[in-house]
Amino acid sequence: MRLIHDIPGGIHPPERKALSRPGQLRELPLPNRLVLPMRQHIGAPASPIVKEGDRVLGGQCIAEATTSMSVAVHAPTSGTIARIGAHPIAHASGLDDLCIELETDGSDQWLSHSGVTDYRAQSPETLMAHIQQAGIAGLGGAGFPTAVKLLARERGPIETLIINGTECEPYITADDTLMQCEASAIIEGAQILAYIVGAANIVIAVEDNKPDALAAMTAAAGDDIEVATFPTKYPSGGEKQLITILTGKEVPRGGIPADIGIVCQNPGTAVAVRDAIVHGKPLTHRVITLTGEALTSPGNVRAPLGTPVETLMEFAGFQPPMHPRVIHGGPMMGFALASLAAPVIKTTNCLLAPTPDELPLPQPAQACIRCGLCAEACPASLLPQQLYWYAQAKDQQQLEKHHLFDCIECGACAWVCPSNIPLVQYYRASKAYVVDARQEKQRSENAMHRFEARQSRVAHEAQEREAKRAERKAAAAAKAAASGEDPVQAAIARAAARKAAQAETADEPGDPS
Amino acid sequence: MLSNDPLLAALLALLSLGIIFGALLGFASVRFRAEGNPLAEQVNGILPQTQCGQCGYPGCRPYAEAIVDGDAINKCPPGGEDTIQALADLLDVEPLPLDAEHGVEKEKLVAYIREAECIGCTKCIQACPVDAILGAAKLMHTVIADECTGCDLCVDPCPVDCIDMIPRHSGIAHWHWQLPSKTTGIIASDRAAA
Chain A
1 MRLIHDIPGG
11 IHPPERKALS
21 RPGQLRELPL
31 PNRLVLPMRQ
41 HIGAPASPIV
51 KEGDRVLGGQ
61 CIAEATTSMS
71 VAVHAPTSGT
81 IARIGAHPIA
91 HASGLDDLCI
101 ELETDGSDQW
111 LSHSGVTDYR
121 AQSPETLMAH
131 IQQAGIAGLG
141 GAGFPTAVKL
151 LARERGPIET
161 LIINGTECEP
171 YITADDTLMQ
181 CEASAIIEGA
191 QILAYIVGAA
201 NIVIAVEDNK
211 PDALAAMTAA
221 AGDDIEVATF
231 PTKYPSGGEK
241 QLITILTGKE
251 VPRGGIPADI
261 GIVCQNPGTA
271 VAVRDAIVHG
281 KPLTHRVITL
291 TGEALTSPGN
301 VRAPLGTPVE
311 TLMEFAGFQP
321 PMHPRVIHGG
331 PMMGFALASL
341 AAPVIKTTNC
351 LLAPTPDELP
361 LPQPAQACIR
371 CGLCAEACPA
381 SLLPQQLYWY
391 AQAKDQQQLE
401 KHHLFDCIEC
411 GACAWVCPSN
421 IPLVQYYRAS
431 KAYVVDARQE
441 KQRSENAMHR
451 FEARQSRVAH
461 EAQEREAKRA
471 ERKAAAAAKA
481 AASGEDPVQA
491 AIARAAARKA
501 AQAETADEPG
511 DPS
Chain B
514 MLSNDPLLAA
524 LLALLSLGII
534 FGALLGFASV
544 RFRAEGNPLA
554 EQVNGILPQT
564 QCGQCGYPGC
574 RPYAEAIVDG
584 DAINKCPPGG
594 EDTIQALADL
604 LDVEPLPLDA
614 EHGVEKEKLV
624 AYIREAECIG
634 CTKCIQACPV
644 DAILGAAKLM
654 HTVIADECTG
664 CDLCVDPCPV
674 DCIDMIPRHS
684 GIAHWHWQLP
694 SKTTGIIASD
704 RAAA
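If you read the sequences in order, they're chains A and B. Using my numbering, you'd call the opening residue of the first sequence number 1 and step up by one each time. Using my numbering, you'd call the opening residue of the second sequence number 514 and step up by one each time.
Careful: at least some of the hints might be erroneous.
As the list claims (entries may be wrong) - Sample of chain A residues facing chain B (criterion: CB under 8 Å; computed from the structure): (1) H91; (2) A200; (3) N201; (4) D259; (5) A367; (6) I369; (7) W389; (8) A391; (9) Q425; (10) M448; (11) R450; (12) F451; (13) R454.
It should be emphasised that the hints constitute simulated quantities derived from the structure, not laboratory data. Each residue gets a CB set at the ideal place from its N, CA and C atoms; glycine is no exception.
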């Protein structure tokens, strides 16, 4: 039995997980149109390799990774490429971005695909290349390219692989459902991941509010894989928080879990890796929780990536209240979608359609009363109140000194704030401000060096010209001295002779000039 | 004799001390002379290095030197309020609002050459203070966007007006959260509509 540690702070918001009936997984009827954004992960967007009008099959790569920090996008079914262009996407900005729109033909024909027969016979590099080509990015919510995360072993030996089935955010039950329905696939995926990073131990972490998932995972895990459970608290599922809970160790500031020999992966990612390696099947579908009291039939659904949110809402019986809101992600860290035409992407774990009574809009922010509840709630042991003041003052030095970048944006501080201050938004804006200021500093130093280099070059060129002129002058003087005649007198004499000649021609009669 | 005249003794002692320390200070001021003005260096580090000349000086360093000599700190539109605040902190003076005579704070721009229209006259290359334009006579020119400071100095010399100033940051990749607005959201339906 593993010794479970506690993390500082944390909150216990109403869980509301039963609403989406975890454990029951439905399949979505094939939508008529899929919209596949090029930016479904952190890093560089993928680049389209198909043209409008092309016919594609399921599993066909339609956009390739542009850099190592990028992943490919595949067609989830067969059909015709209808359009490549800007389309609303699921992003906090509400801006449009490049998408490939696929008109599905209903026949769902797939490219033939076959996996690796024995992954242990392959090198980890080969398997990582398969993972990148299969378009796998972390399905937990951040969307970090999985192949890049697996490079962790280059930073030192990895002892433990943690499959993070914590799913601590209220309402969301996608991982819970996946653990109940596909426990053996998760285990198989975890074994492949452990082989790639060279981890000897695998720990499956499940919060104690998911007894069914825990039972299913324990049954599937066998003897060599440990299934750990621990008390429910938000945000135990944060990568760094989970590591502290399970091991008592802390990830160093500015470091990654690999620095202490740990790699974390989401259960959904483990299944995607298994499908890619064992079946050669790219990531084209995912489990999404459709929940909220504005839905008449909430639940978990396996949907093709690119399904418009409105299609899913219709499927779940959306009864739009006044001022309807659909939140992408959970109630703590998610954001309201600007348009329901936006499609679901690799990081969409939940679509929450609450009624106004269920999840009221935030009240207007009042003044900070310095109560300190936020500092008690912060799982990263920061001082949210101080950060709030420095964020308002845009005091870059103090923000960095108070470890702004250790903030995981979990929203616990804003949740406990009696003055309804949107603290997380202050930190997100401040992070962007600090990053921007650093880049500007870099740019301005660069510009200063270039300006100075140019100044000295221009001065040098002027000096050279001056030197050449002086040289020519000296040469002319030397020449004149050698021939023994005064160049000025000679020039005057030449000018006088020319004048005389001109006067002569002008005197000649019959000349029209 | 000195022992009889304490006043003279004191005077002599002070005089000789004065001569010794004076000589030491004089030696130190020659031996350890600081190259340039260190304060101007610091001021220059705060200025945005656009080299745009909107302050009326030919570049950021000349303006930095002028500030040290007592010029106003609010003549730099590209730096904006942040730069004025930083200068005020450094020099311990009151931060002033940006002097509108020299321009207003705008979003960050970069020059963009419409390459089909460029005739290859090299005039913009000569105007660029940071050598961010690439090209040669009668050949197309282009701007190295990462090096461009957005100073605007290449736009006027262009005889065919083929240079545009476009926003440096646009699109979803450069979007980021803004600080929450303090004024809106008192009425619930306003917040819902927003």
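The hints, checked one at a time:
no.: 1; hint: H91; in the structure: holds, 6 Å
no.: 2; hint: A200; in the structure: violated, 40 Å
no.: 3; hint: N201; in the structure: violated, 38 Å
no.: 4; hint: D259; in the structure: violated, 28 Å
no.: 5; hint: A367; in the structure: violated, 11 Å
no.: 6; hint: I369; in the structure: violated, 17 Å
no.: 7; hint: W389; in the structure: violated, 12 Å
no.: 8; hint: A391; in the structure: holds, 7 Å
no.: 9; hint: Q425; in the structure: holds, 5 Å
no.: 10; hint: M448; in the structure: holds, 4 Å
no.: 11; hint: R450; in the structure: holds, 4 Å
no.: 12; hint: F451; in the structure: holds, 5 Å
no.: 13; hint: R454; in the structure: holds, 5 Å
Comparing the model with each numbered hint stated earlier shows that hints 2, 3, 4, 5, 6, 7 do not hold.
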